[in-house]
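*Asks:* Sequence:
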Amino acid sequence: MRIFRLSLAILLAAGAAMSCTTKFDRLLVSNDVDEKYNAAFEYFNNHKYGKAASLFESLSVMTTGTERDDTVQYYWGLSNYRHKDYYSAEGNFTKFITNFPISKFAPEARFLRIDCLYRSTLRYELDQTPTYTALTAMEEYLRDFPDSDRAGECRSMAKKLNDRLDKKAYENARLYYKMEDYKASRIAFKNIIKDDPETIYREDVLYYIAMSSYKYAKNSVTEKQKERYMDFMDDYLNFVGEIPESPYRKELDAMYLRAQRAIGREVGEDATDFMNDRDFEKDRRAAEKNAEKK
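The opening position of the sequence shown corresponds to residue 24 in my numbering, with each subsequent residue numbered one higher.
No lab work stands behind these hints: they were computed from the structure.
Just to be clear, a hint being listed does not mean it is correct.
[Claimed, not checked] Below, computed lysine to aspartate or glutamate pairings styled on EDC-like, alpha-carbon distance capped at 20 Å:
#1 Lys191 - Glu163
#2 Lys273 - Glu226
#3 Lys118 - Glu80
Could you build all of it, start to finish, from the sequences and the hints given here?
*Replies:* Set out below in structure tokens:
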């Protein structure tokens, strides 16, 4: 008797499952637009986004050119988005924006496409093409909807992506420095400032510009050193003029005095003592470690 009851329960459960599956499959191939449309929203409202997406996809062919067209297309994308299929959702929203630019759903579709693009971006070590695509979409959205409720979220995402690009550029330039290619390092760091004056690494970039020019001069042949030490002095003065209280200041001050002496200028006894301070090398290593942590 116990085995019979258990078997019956299993059969009933299996039958119910088959009935549910059969109902969805029947809806999927049905030509009844109203029934399929209502069922798609029922699945959507019950958080069954995968099934809702399948039904809206099927409906998209049947409702083309009708008053339901934009609604079906939008909720097809939204169902994929809620189902966390961001790749498909981005494709849905891109097509929607092209086909229905003045739909009531268009502003939200544009933001959700941006969110999909944002989620598809890669960490700074990898290709940043998706990042540039997302930033372009964000710029267009903020231009067209500057007062949108979503504008703050959009700006926040854009800042994170720009910070990621800053980090990539900074680390690429620092790679030249670590390889002791100080000429390439200085150029790379200067390009960071040129391309993005507001970089979050500005202090460190200016520091490495000065460090690169100093080491490039120091390692140069004698006849080239004076000119290159003068370049370092320009970089030094730019740094201290902008960030006079920087923790890098003591190290760069000592290098400035050394550069002056290297080109034949008098620096005085106090300056000589400062340059020979046994803590100088310790400060230099600490400064570089601080830059690495940042």
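*Asks:* Assess, step by step, whether the Cα of Lys273 is no farther than 20 Å from the Cα of Glu226, and give holds or violated.
*Replies:* Roughly 14 Å between the alpha carbons, so the hint for Lys273 and Glu226 holds.
*Asks:* Take a quick look at whether Lys191 and Glu163 sit within 20 Å of each other, Cα to Cα.
*Replies:* violated (24 Å)
*Asks:* Is Lys118 within 20 Å of Glu80, Cα to Cα?
*Replies:* Cα-Cα ~13 Å, so holds.
Hint 1 alone, counting from the list given before, is not met by this structure.
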